[in-house]
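Asker: Here is how the chains run, residue by residue.
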Amino acid sequence: MHRKIAFAGVGDAKPSKTAVRSALDLAVEASLNAFADAGITARDVDGVLTASPAGDPHFMFSTLVVEALGIPARINTTLQSAGASPCLALLYAARAIMSGACHTVLVCESDSRGARFKGDKIQAMRAARPWVDDYEDPVGLTVPGKYALIARRHMHRYGTRPEDLAAVAVAARRHAQRQANAPKSDPLTVEAVLGSPVIADPLHALDCCPVLDWGGAVIVTTAERARNMRKPPVLLLGAGEGHGAYHPHEMSELPGPATRMSADAAYAMAGVQPKDIDVAEVFDAFTIAALVAVEELGLCPPGQAGALFASGATALDGTIPVNTTGGMLTWGNAHIIVVPEAVRQVRGEAGVNQVPNVSLALAQGTGGPMAASCTLVLGK
Amino acid sequence: MAESGKPIPSPTDAVRPFWQGCSVGTLRLRRCNDCERWRGPSRIVCECGSADFTWTDAKGRGEVFSYTVVHRAPDPAFRGDVPYVVAVVALAEGPHLLANVIDCAPETVSVGLPVQAVFETVAPDIGIARFKPLA
Chain A
1 MHRKIAFAGV
11 GDAKPSKTAV
21 RSALDLAVEA
31 SLNAFADAGI
41 TARDVDGVLT
51 ASPAGDPHFM
61 FSTLVVEALG
71 IPARINTTLQ
81 SAGASPCLAL
91 LYAARAIMSG
101 ACHTVLVCES
111 DSRGARFKGD
121 KIQAMRAARP
131 WVDDYEDPVG
141 LTVPGKYALI
151 ARRHMHRYGT
161 RPEDLAAVAV
171 AARRHAQRQA
181 NAPKSDPLTV
191 EAVLGSPVIA
201 DPLHALDCCP
211 VLDWGGAVIV
221 TTAERARNMR
231 KPPVLLLGAG
241 EGHGAYHPHE
251 MSELPGPATR
261 MSADAAYAMA
271 GVQPKDIDVA
281 EVFDAFTIAA
291 LVAVEELGLC
301 PPGQAGALFA
311 SGATALDGTI
321 PVNTTGGMLT
331 WGNAHIIVVP
341 EAVRQVRGEA
351 GVNQVPNVSL
361 ALAQGTGGPM
371 AASCTLVLGK
Chain B
381 MAESGKPIPS
391 PTDAVRPFWQ
401 GCSVGTLRLR
411 RCNDCERWRG
421 PSRIVCECGS
431 ADFTWTDAKG
441 RGEVFSYTVV
451 HRAPDPAFRG
461 DVPYVVAVVA
471 LAEGPHLLAN
481 VIDCAPETVS
491 VGLPVQAVFE
501 TVAPDIGIAR
511 FKPLA
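Those protein sequences? They're chains A and B, same order as listed. My numbering applies: residue 1 is where the first sequence begins, and numbers increase by one. My numbering applies: residue 381 is where the second sequence begins, and numbers increase by one.
Worth double-checking, as some hints may not be accurate.
Calculated pairs, DSBU-like style, for lysine-lysine (alpha carbon to alpha carbon, straight line, at most 35 Å) [unchecked claim]:
{"id": "1", "chain 1": "B", "residue 1": "K512", "chain 2": "A", "residue 2": "K121"}
{"id": "2", "chain 1": "B", "residue 1": "K386", "chain 2": "A", "residue 2": "K17"}
{"id": "3", "chain 1": "A", "residue 1": "K184", "chain 2": "A", "residue 2": "K275"}
{"id": "4", "chain 1": "A", "residue 1": "K380", "chain 2": "A", "residue 2": "K184"}
{"id": "5", "chain 1": "A", "residue 1": "K118", "chain 2": "A", "residue 2": "K275"}
{"id": "6", "chain 1": "B", "residue 1": "K439", "chain 2": "B", "residue 2": "K512"}
{"id": "7", "chain 1": "A", "residue 1": "K118", "chain 2": "B", "residue 2": "K386"}
{"id": "8", "chain 1": "A", "residue 1": "K184", "chain 2": "A", "residue 2": "K118"}
{"id": "9", "chain 1": "A", "residue 1": "K121", "chain 2": "B", "residue 2": "K386"}
{"id": "10", "chain 1": "A", "residue 1": "K17", "chain 2": "A", "residue 2": "K231"}
{"id": "11", "chain 1": "A", "residue 1": "K14", "chain 2": "A", "residue 2": "K118"}
{"id": "12", "chain 1": "A", "residue 1": "K17", "chain 2": "A", "residue 2": "K121"}
Rather than coming from a laboratory, the hints here were simulated on the basis of the structure.
With the sequences and hints as input, model every part of the structure.
Answerer: This is the structure in structure tokens:
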């Protein structure tokens, strides 16, 4: 797979807080933008892998995408691994192409809860989890609560403080402020994060991502085909996944080993080390998720990510720029956001977010309280 | 749904003894017949690979492994409870459980706090284990 697969096109749905669009509308919009970016049409695609949209599920969602776009699909299915879904879908697309089952796959993910629930996160989260989990729901454990359990362990093990978590939100906001269309762009301080309402201690409101509408799409194909498409190919150098228990009470440590496993596999395939990474786009639905991710990815030693974010090292001109768009903390629970941005960084097309001289970009996604993870290493 | 409006577990036969145990005041977990390890409630198969087990009563003591204090309730039924503690409790026998820590001020909870199980029956044959600081 190393250097044989390319990400040839990326696209997003235009953010809006008011236009009510379905998850399908958003997926289609992002997909058409990805086709345009690659210089292809839906007829040039022969596979579709989508994430199951949170809060707007549909029987056979990926088949709705096939229908809407008229894709002659030879592989097609919907994945439900929460925030790990898009990166996993890209890895599975690469494997399918390597097997000869198909040659060009559309991977997309979208979330329609923003306009529909007008920013009401309680309703949005309930819509995403319509079931009763016998262990979590009777005790009133929330999604932020699950990440708070990880945060508390980190505080216990390494002396991490709420200020360290807040530093992640402040760093994300600095990147958001560079972009004219960012949904969150007012200045943010550590004090303001700590002064925002407590959601699930130690997480405050500003440690959690907003609920907004978004959609993202990526075209995966062979390196050979990508060379005849519109943009210079961005090659998949390494990819790996890692998995463990679903429930926090079945993990012997919080978080479980999924992210580290995925990173180790991705680095091994790419033949690179963490210090070689020029820019990292990581899952940051909650500040603690990004803080733990950079440690699990080996981008800094365990227990030192808070200091890393506070030091400016993760800024565009820092030693390891992280989440150059402002991430999910800015754009909503948009798990796929890490991939289009990593592709743009490698191409040198990231505009005001561009890190100079990017050879290697990393994208990481995780689902559950870091229960399932996937890491991708991209380069030229 | 309980009278309180809070969700209640709706176990299948495979895990009913765990919830039934809680309704009669005991923490009943699968214990491996091959290696004697105890399994968490969501683990059907043991770390050793064995699926063979006996439902066995644990002592109901442990310590807080991690916790959060929930201030934003996930559901109106929990609004009267905030702030409340949801903890991962490490039982003396090994397995971890998700449970509320009660009978103490949330700010007095810490990782390592010794706790003891107390039980509330929420439906016929369904109990919920909670924990309080060990006196």
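Asker: It remains to establish, for every hint, whether it holds in the given structure.
Answerer: These are the hints, each one checked on the structure:
no.	hint	result
1	B:K512 to A:K121	31 Å, holds
2	B:K386 to A:K17	32 Å, holds
3	A:K184 to A:K275	31 Å, holds
4	A:K380 to A:K184	32 Å, holds
5	A:K118 to A:K275	42 Å, violated
6	B:K439 to B:K512	14 Å, holds
7	A:K118 to B:K386	25 Å, holds
8	A:K184 to A:K118	16 Å, holds
9	A:K121 to B:K386	19 Å, holds
10	A:K17 to A:K231	31 Å, holds
11	A:K14 to A:K118	17 Å, holds
12	A:K17 to A:K121	14 Å, holds
Taken one by one, the earlier hints fail for this structure only at number 5.
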